[in-house]
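Undergrad: Please construct the entire structure, taking both the sequences and the accompanying hints into account.
So the sequences go chain by chain: A and B.
Final position of the first sequence in my numbering is 303; the numbers increase by one with none missing.
Final position of the second sequence in my numbering is 545; the numbers increase by one with none missing.
Note that these hints are calculated values from the structure, not bench results.
Every residue, glycine too, gets a C-beta built ideally from N, C-alpha and C.
Hints are supplied without guarantee of correctness; some may be wrong.
[As the list claims (entries may be wrong)] Pulled a few chain B residues facing chain A out of the computed Cβ check, cut under 8 Å:
1) Asp381
2) Val385
3) Thr504
4) Val533
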Amino acid sequence: MSTLVLDSVSRWYGNVVAANDVTMTIGPGITGLLGPNGAGKSTLIAMMGGFLAPSAGSVTLDGAPVWRHPEIYRAIGLVPETEAMYDMVTGWQFVVANARLHRLPDPEGAARAALETVEMMDAKDRDIATYSKGMKQRVKMATALVHDPSVLLLDEPFNGMDPRQRLHLMDLLRRLGEEGRTVLFSSHILEEVEEIAGTIEVLVAGRHAASGDFRRIRRLMTERPHQYTISSSDDRRLAAAIIADGSADTVDLSAGNLAVQAPDFGRFVHALPRLARDSGVRLFEVSPADESLESVFTYLVAR
Amino acid sequence: MNAVVMGLTLRGLLGRRRSLLLVILPVLLLLLAALIRWASGGEVRSSVHLTNEFALGTLLPLMCLLIGTGVIGSEIDDGSIVYLLAKPVPRRTILWSKLVIAWAAALVFAVLPIVAAIEIAGDDGGRLGAAYGVAAALAAIAYTAIFVALSVVTRNAVIIGLLYALLWETVLGGYVPGVRNVSVRQWALAAAERILGDRATVWGVTSEVSLTAALALLAFATIGAVVLAVRRLQTLRLTSAD
Numbered sequence: 001m002s003t004l005v006l007d008s009v010s011r012w013y014g015n016v017v018a019a020n021d022v023t024m025t026i027g028p029g030i031t032g033l034l035g036p037n038g039a040g041k042s043t044l045i046a047m048m049g050g051f052l053a054p055s056a057g058s059v060t061l062d063g064a065p066v067w068r069h070p071e072i073y074r075a076i077g078l079v080p081e082t083e084a085m086y087d088m089v090t091g092w093q094f095v096v097a098n099a100r101l102h103r104l105p106d107p108e109g110a111a112r113a114a115l116e117t118v119e120m121m122d123a124k125d126r127d128i129a130t131y132s133k134g135m136k137q138r139v140k141m142a143t144a145l146v147h148d149p150s151v152l153l154l155d156e157p158f159n160g161m162d163p164r165q166r167l168h169l170m171d172l173l174r175r176l177g178e179e180g181r182t183v184l185f186s187s188h189i190l191e192e193v194e195e196i197a198g199t200i201e202v203l204v205a206g207r208h209a210a211s212g213d214f215r216r217i218r219r220l221m222t223e224r225p226h227q228y229t230i231s232s233s234d235d236r237r238l239a240a241a242i243i244a245d246g247s248a249d250t251v252d253l254s255a256g257n258l259a260v261q262a263p264d265f266g267r268f269v270h271a272l273p274r275l276a277r278d279s280g281v282r283l284f285e286v287s288p289a290d291e292s293l294e295s296v297f298t299y300l301v302a303r
Numbered sequence: 304m305n306a307v308v309m310g311l312t313l314r315g316l317l318g319r320r321r322s323l324l325l326v327i328l329p330v331l332l333l334l335l336a337a338l339i340r341w342a343s344g345g346e347v348r349s350s351v352h353l354t355n356e357f358a359l360g361t362l363l364p365l366m367c368l369l370i371g372t373g374v375i376g377s378e379i380d381d382g383s384i385v386y387l388l389a390k391p392v393p394r395r396t397i398l399w400s401k402l403v404i405a406w407a408a409a410l411v412f413a414v415l416p417i418v419a420a421i422e423i424a425g426d427d428g429g430r431l432g433a434a435y436g437v438a439a440a441l442a443a444i445a446y447t448a449i450f451v452a453l454s455v456v457t458r459n460a461v462i463i464g465l466l467y468a469l470l471w472e473t474v475l476g477g478y479v480p481g482v483r484n485v486s487v488r489q490w491a492l493a494a495a496e497r498i499l500g501d502r503a504t505v506w507g508v509t510s511e512v513s514l515t516a517a518l519a520l521l522a523f524a525t526i527g528a529v530v531l532a533v534r535r536l537q538t539l540r541l542t543s544a545d
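TA: Here is the structure:
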């Protein structure tokens, strides 16, 4: 069991502040680091992994500073965002090399266990250069798991994964979290984080905007109704059906198409196709009008 | 030193496409040496000219630049060095392991071909080859350490290294006398001059600096570069452009 503590951590590059007075404690279980692109997630993870010095404040792992302290890597497994690996060796050789660098007593055994965990034993003898993006991601995962770390830091691990690989990784992370490991991953996609993370830390423009149980944050977010713009074969009839159904508060036909405000995102998106079918209306386009995470986050920060 | 780091470094150095250059450039030198032998009939002074101007002046720094940036620069550029750094291995050990591979590669791909080229182009019982071999080895040690350090310090190591190798050592060194005092090539030549003794002046192997000063400066540059590289690797900033 390990705990990563960030105490008033700031990081600036010249005039640009990438992280602004962030204080958080990351304990066992899965924590999602959520924020729009450019919010400072990678900066924060780099500081947690000891690859960037905080300009102010401190990052400690179980009381020991992370910066300039390579010994912490016995406890930390890192899955970097960069795709580059040692392309000219095979997956097997690379994971064994990682195990050797950790001076594990049985590097081959550890490598086999890690590759089995990520289901890469079949392709282990191919050069890394020939791997697909998803396979590379799994080998990266294996290198991070090979020494059985108590802390796992993953920078945008779901990027470039297909839905099946995504589900597999989510299962794996969930399992690792249940084993009592401290798992932190970053993402800019709310649904990914919501799916598996027990705790969410929201970062907006370098600031720590919200923290805690995702249901609580979600509730905060849904205080602002979701807006959609819809075009269909018969906007007027669809508007009537939506209002009658009660899944949206406001419908507006004045702008030439149908604008809807729904307080409950989940209920509305499930109801809409049903309502359209029942009233014989064809949907051409449904687009969220202000659904960008950015606007939701801005809203969170403004609170 | 760490065998795993050395192994990965060697694979990285020889496995990339640009490692072809490590073979092409020495082959070019050997071909040139054969041409000169054919043209001058094995005269030592022509051999000296080839070595001074092309082998030591251009080829050696270029090769060391290729090797120095190849053992660490490309990994820092693409971020894959994170797999070495995120390990409970002192950064000092990582740097030394890479440097030893770089030195070995410089010896094999640059120093030995230079000696071979001298033997082809024309030598007097191996004397010139031995003297220039020592000079090339000394220069290779310093150049490689400097270019490894440069790779850790800046992501523009190749450009800066090229400017240094081509402008400073070759062009400026040729026109501005003072520059020659601050030149790895001149320092290394001092060793060759001493080894050759009286023949040095006859063959035209001369250095701008005294042997003592040259060795001190070589040692200073090499050690300085290693210390700088280790320090910078210990605080290497690794983040994507978030």
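Undergrad: None of the hints should be skipped; say for each whether it holds.
TA: Here is what the structure says about each hint:
1. Asp381: 4 Å, holds
2. Val385: Check passed: Cβ of Val385(B) comes within 5 Å of chain A, closer than 8 Å.
3. Thr504: At 49 Å from the nearest chain A Cβ, Thr504(B) fails the 8 Å test, so the hint is violated.
4. Val533: 12 Å, violated
In summary, the structure is inconsistent with hints 3 and 4 from the numbered list given earlier, while agreeing with the others.
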